[in-house]
Amino acid sequence: MPARSNDLALPTDTEPAIALRGIVKDFPLKRGAAVRALDRLDLEIAHGEFVAILGPSGCGKSTVLRLAAGLEQPTEGEVLVEGRSPAELIRAHRLGVAFQEHALLPWATARNNVALPFRVAGREVDRERVDALLELVGLAGFEDARPRQLSGGMRQRVAIARALALEPDVLLLDEPFGALDAVTRRRMNLELARIWMEQRITTLLVTHDVDEAVLLADRVVVMTGRPGRVLHVQQVEMPHPRGGEVTRDPEFHALVDRLTGMLDDPEPVAATS
Amino acid sequence: MSIDALSASRRVPVAQEGTARPSPARLLTRSLGRVLSRYWTVAAFVVAWQLWSWLTGYNQIVVPPPAMVFGDVLGNIGAYLPDLGWTLAMSAGGLVAGMALGTMIAVVVWSSRIVSGMMTPVALVMRSVPVVAMIPVLARVFGYGWFTVLVITTVVSFFPAFVLVGSRLRAAPQATSDLMAVLGASRSTVLRLLLLPHAVPGLLVAFRLTAPTAVLAAMLAEYLMGGRGLGTLFAQSVSFHEVGRAWGAALVATVVSVACFVAARAVERRGTVRFS
Amino acid sequence: MSRVPGAALAPSRGLAAGGVLALLVLVEIVGRLGLAGPGWPPLTDVFGYVAKPSAQQLLGRALTATATAALAGFLLGGVVALLVAVLSALVPATGPGLERLAAVVHAVPLIALGPLLITTAGREATPTLVAALAAGFAVFVAATSALGSANDAQRDVFTVLGAGRASTLLRLQLPAGLPLIVDGLTLAAPAAVLGAVIGEWFGARRGIGVLLVSSMQNVQTDQLWAAALTAAAISLLAYVLLVALRGAVNRRFQ
Ligand SMILES: Nc1ncnc2c1ncn2[C@@H]1O[C@H](COP(=O)(O)OP(=O)(O)O)[C@@H](O)[C@H]1O
Ligand SMILES: [Mg+2]
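Protein chains in written order, with numbering that gives the first Met the number 0: chain A, 0 to 272; chain B, 0 to 275; chain C, 0 to 253.
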C-alpha cells in the first residue's frame, strides 16, 4: 500500500463529501426554553478522508454526526452529503452508520444482522458479500451466533460489518468502541485502521478518546461545548497504514499530549489558534 | 427470584464439572429438599383439607376427604376427560383469536395518530372493565352456546395482548430505530424487521397472563350458560349434590389452570431469551 | 414555545373525547339498528331504564351490596397479602413456598373455590372472600417484589450499620417499596370488584352479580345492561381513585 500524501486530505476545489455550513442547532427544552447545542459550526470532509471529531462529552459531537446522518435537522445552516441532503442519501441507502450501542437485532444471527441493510433496501441479500464482510471484521466462524453469544468487541465488529454492507458513500461512526475496555478498544482501533485502508470510505468518527482519533484520522477536529464550536483542526501527518508501532512513535505522543491539553484546558490554546 | 433459582440450578453442574460427581443419593436428597422448599405449602394444603374433613366428622355433604375426591378423578377419569377437552379447546381457540386480534389492533393504533388518540381513553375504560363479569351480557347478545364461550375467551385474551404489544411497538431501542432511519427503512419495513419481532416478548407476557384467565372465563361461562365443558359439569354436580364429582371438577380445573400457568410461563421464558 | 406542551395536549384531548363519543355512538347505533340482535339494546334505552325510580332502587341496593363486598375484600385481601409478604421478608426460608402458594392460589379458577367457600363461609361471605383472594394476589405479587426493590448498596449500608431484619424492613424496604405496593393496589381495586361480582354468582342473595345473572336468565335486557354498566362504573371508579392515590404517593416519595 502506498502512503497517502497529505494534500489528498485537504479540502479541494471539488465538492466535499460532507459539508456542514453555518450550523446552529437548538434543542427545545421545557417551558419554551432551548439549549443551543451547536453555534455557527463549519466542517467539510473531502472524499476518502477520515475525520475524527474529538471533544469532552456533551460538547455536541453526536449532534454533528446526527445532522450528517439526517437524524436531526439544523435550526440554521445547511448540511450536504455528496452534494445532496442526507434525506436523499438515506432514500438511496448510501449511508453507513454505527453507534456506541451496537443496535444489533437480538433475535437475528450475525449473518442476518449484516444482511439487514439489504433487506431494508429491498435488495436481494448478497450472501457472499455478507460472509466476506464478516471475515473482514474477523468473525469468520461466528456467522450463526446471536448477539447474546458474542462479546462486546465482537458485537461492535458485526455493527461495523453491517455499516459497510451496501458499500456506503459515507461512513458515520459515533463512539463505536465507547463501551469497550481499553485493551479491546485499541485492538478494534487497529482493526478499523486496516479495514479502512482496504475500503477508503469517507469516514466521520466521533470519539472522546484522543489516541483513537490520532491513530485513525487524517484530520482531528477538536470541539468545545456549550455551545458546541470547532476549537481547533489538527492535520495528522503520519502515513497510513498505521499499525500498532505508531503508538510508540514520539510524534504520535506529542500530538496526543497536545490535543489532550486542549481538552483539559481549552482557553489558552484557543487564544493561540 | 425464580429466575435466580433457575440460573443457579443451571450453574451447579458446570461448577462441578472438573471435580468428582456427587453421588446419586446426595443429588436425590438435594432435589427433594428443593421440591420441598417450594411445594411445602401445597402439601400443607392437602393435609389441612384431610384434617378438616376429619374434624367435620366425614360429613361428605360438607367436605369430602381428599382420598374420595382424588379417587373419583382417577377412577372415573372418563367422566371428566370429554368436558376437560372441550373447555381446553374453547380456551385455546379464544386465546389464539384474542391475541391475534389484540396484536392487529395494536398495529393499527401504532400506525395512526388519530386512531391512537381516540383509543387511549377507550383503552383506559376497557382496562378497568371487569370483562369476565360481562359474561351474562355476552351470553344475551350472542346466545347460549359454544360460540359465545369462544367470544368470551377471545374478549378476555384481547386486552393484555393489545396493551403489551402496543407498548413494545412504541418502545423499540433508540439506537436501533436511528439505525433503521439511516438505512432508509420505510415504516412498514421498520414494523416488519424491527418492531414486530421486538413486540414478541410483550405477546409472550400477555400469553402468560391470559392463559389461566381464558380457562377461568371459559369455565365461568359454561357454569352460567350450561352446554358442555368443565364449568357445566361442576354446576350440574353441585345441583345434583354429587359432592365428590363437584370437588373433583374443581380439582381438575385447578390442576389444569396451574398447568396452563406453568406451561405459559415456560413458553414465555424460552421465547423471551430468544427475542431479547 | 411555551405553548408547545399545551398545543400538543389540546388535539389529544379532542381525540380522546372523540374516541369516547365514537364508542358511545357506535353502541347506540348497533342497538338502534338491531345489528347485534335483541340482546344489544340502544344505549339511550338503558339510560331511560336507569332513570326510573324503581330501577334506581334495585340498582342502588345491588350496588351497595357489591361495593361493600368489594371494599371489605380489598381491605382483607390487602392486609393479609401485606402480612404474608412481610413474613416472607422476615423469614426468607418461607419465601419460595409462599410465592408458589400464591401463584397456585391465583391459578386456581375462582369457580373451583365455589364449593369450598359456600360450604365453609356461607353464601353471604363468599363474594367478600373471592374479592379478597383476587385483590390479595395482586397486592402480594407487588409487595414481594416491592420489598426486594431496595438496591444492594442500600442494603449493604444497613447491614454495616448493624440493622436487624425488622429494622431494615421498616426503615428501608417498606419506604423504598411503597410506590410498587401502591401500583399493586391499583391493580387490586378492579380485581376486588370483579371478585365480588363473581362471588355473587355462586348464590348470594343480593348484588350486581346476582342482578346480572337473573336479568340474563329472565331476558331483562335493559336491566342486564344497566347492571353491567354499573359494574364497569364502580370498577372504573375504584381504579381512578387508586391512580389518584398513586399520584399522591409518588409525589410524596420522590
Ligand atoms: N434530543 C435532545 N434534546 C435536548 N438536548 C439535547 C438533545 N440531544 C443533545 N442535547 C444536548 O446537546 C448537547 C450536545 O449533546 P451531544 O451532541 O449528544 O454531545 P456529545 O455527543 O458530544 O456527548 C448536550 O448539552 C445535550 O444535553
Ligand atoms: Mg455522544
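Among the clues, some could well be false.
[To be verified] Simulated coverage check for chain B against chain C, where a stretch passes if three residues somewhere in it have a Cβ under 8 Å from a Cβ of chain C:
#, segment
1, 82 to 91
2, 114 to 124
3, 136 to 142
4, 152 to 158
5, 247 to 254
None of these hints come from the bench; they were simulated from the model. Just so it is clear, CB atoms sit at the ideal spot from N, CA and C, and this is done for glycine as well.
Q | Cβ contact check, 8 Å cutoff: the segment 82 to 91 of chain B against chain C, three residues minimum | A | Violated: only 0 residues of the segment 82 to 91 of chain B have a Cβ under 8 Å from chain C.
Q: With a C-beta cutoff of 8 Å, work out whether three or more residues of the segment 247 to 254 of chain B approach chain C closely enough for the coverage to hold.
A: The restraint on the segment 247 to 254 of chain B holds, since 5 of its residues have a Cβ under 8 Å from chain C and three suffice.
Q.
Using a Cβ cutoff of 8 Å, are there at least 3 residues of the segment 114 to 124 of chain B near chain C, or does the coverage claim fail?
A. Satisfied; 7 residues make the cut.
Q: Three residues minimum, CB to CB under 8 Å: does the segment 136 to 142 of chain B make the cut for coverage by chain C? Let me know.
A: With 6 residues close enough to chain C, the hint holds.
Q | Check of the segment 152 to 158 of chain B against chain C for coverage (Cβ-Cβ below 8 Å, three residues minimum) | A | violated (count 0)
Hint compliance for this structure: hints 1 and 4 are not met, and every other hint is.
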